[in-house]
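A.B. asks: Chains as they are written, first to last, in the working numbering: chain A, 113 to 225; chain B, 14 to 131.
In case anyone wonders, no lab produced these hints; they're calculated from the structure.
Each hint should be verified, as a subset may be incorrect.
As the list claims (entries may be wrong) - Here are the simulated SDA-like pairs of lysine to any residue, each with C-alpha atoms no more than 25 Å apart in a straight line:
hint: 1; chain 1: B; residue 1: Lys16; chain 2: A; residue 2: Thr223
hint: 2; chain 1: A; residue 1: Lys113; chain 2: B; residue 2: Lys51
hint: 3; chain 1: B; residue 1: Lys16; chain 2: A; residue 2: Lys113
hint: 4; chain 1: B; residue 1: Lys123; chain 2: A; residue 2: Pro218
hint: 5; chain 1: B; residue 1: Lys126; chain 2: A; residue 2: Thr223
hint: 6; chain 1: B; residue 1: Lys123; chain 2: A; residue 2: Ser198
hint: 7; chain 1: A; residue 1: Lys169; chain 2: B; residue 2: Lys126
hint: 8; chain 1: B; residue 1: Lys51; chain 2: A; residue 2: Gln130
hint: 9; chain 1: B; residue 1: Lys126; chain 2: A; residue 2: Lys113
hint: 10; chain 1: A; residue 1: Lys113; chain 2: B; residue 2: Val59
Remember, it's a predicted structure, so these values are computed and weren't measured experimentally.
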Amino acid sequence: KAGVTQTPRYLIKTRGQQVTLSCSPISGHRSVSWYQQTPGQGLQFLFEYFSETQRNKGNFPGRFSGRQFSNSRSEMNVSTLELGDSALYLCASSLSGGYDTQYFGPGTRLTVL
Amino acid sequence: AQKVTQAQTEISVVEKEDVTLDCVYETRDTTYYLFWYKQPPSGELVFLIRRNSFDEQNEISGRYSWNFQKSTSSFNFTITASQVVDSAVYFCALSEAGSGAGSYQLTFGKGTKLSVIP
Numbered sequence: 113k114a115g116v117t118q119t120p121r122y123l124i125k126t127r128g129q130q131v132t133l134s135c136s137p138i139s140g141h142r143s144v145s146w147y148q149q150t151p152g153q154g155l156q157f158l159f160e161y162f163s164e165t166q167r168n169k170g171n172f173p174g175r176f177s178g179r180q181f182s183n184s185r186s187e188m189n190v191s192t193l194e195l196g197d198s199a200l201y202l203c204a205s206s207l208s209g210g211y212d213t214q215y216f217g218p219g220t221r222l223t224v225l
Numbered sequence: 014a015q016k017v018t019q020a021q022t023e024i025s026v027v028e029k030e031d032v033t034l035d036c037v038y039e040t041r042d043t044t045y046y047l048f049w050y051k052q053p054p055s056g057e058l059v060f061l062i063r064r065n066s067f068d069e070q071n072e073i074s075g076r077y078s079w080n081f082q083k084s085t086s087s088f089n090f091t092i093t094a095s096q097v098v099d100s101a102v103y104f105c106a107l108s109e110a111g112s113g114a115g116s117y118q119l120t121f122g123k124g125t126k127l128s129v130i131p
């Protein structure tokens, strides 16, 4: 089975721009979660989707948004980028969320200049 | 609110030494799951183990073993006879039940960077 895939792997943007990251979960997995990893804050939960519905959201500003499609693929969008948004964005999928084991993709490294 | 603490920021050991990575958690739920993940330099988080709050049996998988103690809210990870390939950042994480703020998400510790020196 193919693992979680994320595109693009690397991205460079400038302040004020917006960006969209994509995640394809493991086949059969219906839950997709997003995490931000920075040296200062560590791994922080952004949001979780299941059957196209957001079930939980972390403590991030409204500039961070996401969605999930009927095929379980997910995208996250960050608008009006700030320097502090530079991070590794990790996507994880699981069968149905909750206690299920989350399997992570390789991440998208976003650099904001 | 849930919290995971990994007090050891960095550990260095010489190859073939045993090493234990500590993890202490806080939660108000009686039902929860604990996880360990490994993050090599490539960046991808690799799942190692999942343990539920009702199962306090220790687990061994090859050179890896885990000690779960509810009385001390700890879930420690030991690598026996460490190898250079074990060099990575290791994360402990907690997942809670129910529909509250902690559900459907992993709460991670800050991670422990393990360096195994040949």
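A.B. asks: Against each hint, give a clear statement of whether it holds in the structure.
C.D. replies: Hints, verified against the model:
no.: 1; hint: B/Lys16 <-> A/Thr223; verdict: violated, 28 Å
no.: 2; hint: A/Lys113 <-> B/Lys51; verdict: holds, 20 Å
no.: 3; hint: B/Lys16 <-> A/Lys113; verdict: violated, 33 Å
no.: 4; hint: B/Lys123 <-> A/Pro218; verdict: holds, 19 Å
no.: 5; hint: B/Lys126 <-> A/Thr223; verdict: holds, 23 Å
no.: 6; hint: B/Lys123 <-> A/Ser198; verdict: holds, 18 Å
no.: 7; hint: A/Lys169 <-> B/Lys126; verdict: violated, 28 Å
no.: 8; hint: B/Lys51 <-> A/Gln130; verdict: violated, 31 Å
no.: 9; hint: B/Lys126 <-> A/Lys113; verdict: violated, 30 Å
no.: 10; hint: A/Lys113 <-> B/Val59; verdict: holds, 15 Å
Violated hints, listed in ascending order, are 1, 3, 7, 8, 9; each of the other numbered hints is respected by the structure.
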